[in-house]
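Chemist: What follows is each chain in one-letter form.
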Amino acid sequence: MSNTCVRIHPVVLFSILDAYERRQPDQNRVIGTLLGTHDKSGNVEISNCFVVQHREANKEVAIDIEVAKDLYELHRRVNANEVIVGWFATGGGEVNEYSVLIHDYYSRETSNPIHVTVDPVKDGISLKAYVSTPFGVPNKITGTMFSPIKSVQTAAGYDTEMVGLKACMASSGINDGKKMTFDTELDMILSSTKKSQDIIATLIKFIDESILLSSGKPIPSNTNEIGRQLMTIIESVVPFDDNEETLNTNLKDLLMVIYLSNLCKTQLMLNEKLTLLI
Amino acid sequence: MANIAQRAIDPKMRRMKSTDSPINFVQMDGQVVLKIVKHCHEEGGVFAEVQGVLLGLVMDGRLEVTNCFPFPRHTEEDDMDDMDYQCVMIRHLRNVNVDHLHVGWYQSNPFGSSISKLETVDSQFMYQNAIEESVVVLYDPVRTQRGFLSLKAYRLTNLAIKLCKEGEFSIETLRSNQMSFDKFFEEIPIRIRNSHLITALMCELEDQMPVDEGKQFLDMGTVSVLEKSLQSSMKCVEDVSKWANYQKQIIMKQQQIQKENALRLSKGEPPMTEEEVNKIIKPLGSLQRLECLLNYCQTLNYCQQTSSFASQNISKLFLSKALQQTNVKLSDKN
Chain A
1 MSNTCVRIHP VVLFSILDAY ERRQPDQNRV IGTLLGTHDK SGNVEISNCF
51 VVQHREANKE VAIDIEVAKD LYELHRRVNA NEVIVGWFAT GGGEVNEYSV
101 LIHDYYSRET SNPIHVTVDP VKDGISLKAY VSTPFGVPNK ITGTMFSPIK
151 SVQTAAGYDT EMVGLKACMA SSGINDGKKM TFDTELDMIL SSTKKSQDII
201 ATLIKFIDES ILLSSGKPIP SNTNEIGRQL MTIIESVVPF DDNEETLNTN
251 LKDLLMVIYL SNLCKTQLML NEKLTLLI
Chain B
1 MANIAQRAID PKMRRMKSTD SPINFVQMDG QVVLKIVKHC HEEGGVFAEV
51 QGVLLGLVMD GRLEVTNCFP FPRHTEEDDM DDMDYQCVMI RHLRNVNVDH
101 LHVGWYQSNP FGSSISKLET VDSQFMYQNA IEESVVVLYD PVRTQRGFLS
151 LKAYRLTNLA IKLCKEGEFS IETLRSNQMS FDKFFEEIPI RIRNSHLITA
201 LMCELEDQMP VDEGKQFLDM GTVSVLEKSL QSSMKCVEDV SKWANYQKQI
251 IMKQQQIQKE NALRLSKGEP PMTEEEVNKI IKPLGSLQRL ECLLNYCQTL
301 NYCQQTSSFA SQNISKLFLS KALQQTNVKL SDKN
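Protein chains in written order, with UniProt numbering: chain A, 1 to 278; chain B, 1 to 334.
In case anyone wonders, no lab produced these hints; they're calculated from the structure.
Mixed in with the good hints there might be a few duds.
What the hints assert, rightly or not - 30 Å max Cα-Cα, derived DSSO-like pairs, lysine-lysine:
#  : chain 1 : residue 1 : chain 2 : residue 2
1  : B       : Lys152    : A       : Lys194
2  : B       : Lys259    : A       : Lys195
3  : A       : Lys179    : B       : Lys215
4  : B       : Lys152    : B       : Lys162
5  : A       : Lys205    : B       : Lys321
6  : A       : Lys205    : A       : Lys195
7  : A       : Lys273    : B       : Lys215
8  : B       : Lys259    : A       : Lys273
9  : B       : Lys152    : A       : Lys273
10 : A       : Lys273    : B       : Lys321
Nothing here was measured: the structure is a model prediction, and the numbers come from that model.
Given these sequences and hints, build the entire structure.
Modeler: Structure below.
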């Protein structure tokens, strides 16, 4: 097990899966270059990737090296901070005999490349990251050993990326089982209010049924802990002294803004009609 | 009049009314959403102009955007021009079976400010000339930072295209075509689509995401954002009022000319020649009128934005009020 920590931005995984879906009909495995950054302590952040065409047959691998270099240059023109950090493979299982050959190529492009495999398995998408270590007898037979990286963070990225990811999830109906699109900001707040209402209802039901009215059944052992947590939540809402007043002034301001902007809209419409009349 | 008011209130109504668009909606892959977000974030600075290319295909009545790539930043020592970059990139993507039809472009749009820039209209006009269905996708990094993903697809209406082609924006052409500022751009609804594999992946990611991730939209301290957007809308309104003043002057001058003509007629002289009229009222360049039209567009946009912002803030206020009141009740009991 290696101590390196790998953070993979969701956009990279999306691109890898898209690449797999767009592979040639006769192609089993898709590989490509991973771009990203190394930090001082050796951790790797993978933030971009592109597909590199290759063929593997009869224990030989042909990689389109020229195209890989070209594409790298093109990506560097957009973001010069991203360097080659490794390569990915999807489809065709985990590490196989061709992986070593491809890894050799990437070892020449960067020191200590990361290898990421993405494969759909029975219970989801399996995602693994490896680093390689050479082993064997010095000056005799040597080989490459792929050792898995323990800490792989996948739901990592910028705040805005997470907001985007959330929207994608909502549109696929992952959270609530039905597909949702948010046209207005108000819709989002409404849905999250509903959600928190549901959570509170579940909570109250749990407390009522398992703690307060547990007829015969034993009370859950962590009841004290649950109570303390709930108390902290309630205390975190600080009631202001002049609460009502602050709220009302805020409300007035916002209503004023709405009123003015609607007025402005009407003015615009009127003005236009009048100019077209004269 | 009722018609006008309704249109002003409900942007969706307006959207449904425009039936001349060749596409009904834009279907966008999740990957494109994330790529745009990432590119705009990395390009730094909220106000940096960030652009890129959308790739996809047109399928009966919908525009599918399946991939995209960013434009490079402009630097001094560019040894390769943009066209080359685009062509090479599209060629490489084509080799790995990515759709290579250039169906539009995306642009960052902080505070919703770039919809009515002349450059936006210019480039969109060019795109729509090449491929009729193309769209411009505007992404607002500021709003997204606040937790609401803001991606909007726009295209020029057929009417706007016609007027742009003629290059004529005089009162007469506007009147004869029944053009108004809210018919300049039309918004096309965006739907995000994900393949089954990606949906499976998202289920996995969902498990790993912290519960409170992406909940910025419940943040209450949003006064600065409101202030900022009000400031920019004030600037727009100022321009509008300048334009209104100018129109007032023109009307006065026209009345003056009419009086003068009547005077001359009574004296038996011929009325003023066109040259003389032009001396008094300078004819307006068509670009100026277009700019004014776009400014109207922009003001409308700001108005809609601020009112939606304010209404969501009100809802948050009520939310927190409810929370605090229960708390007060609770502490009273204690």
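Chemist: Check the structure against each numbered hint from earlier and tell me which ones fail, lowest number first.
Modeler: 2, 7 and 10
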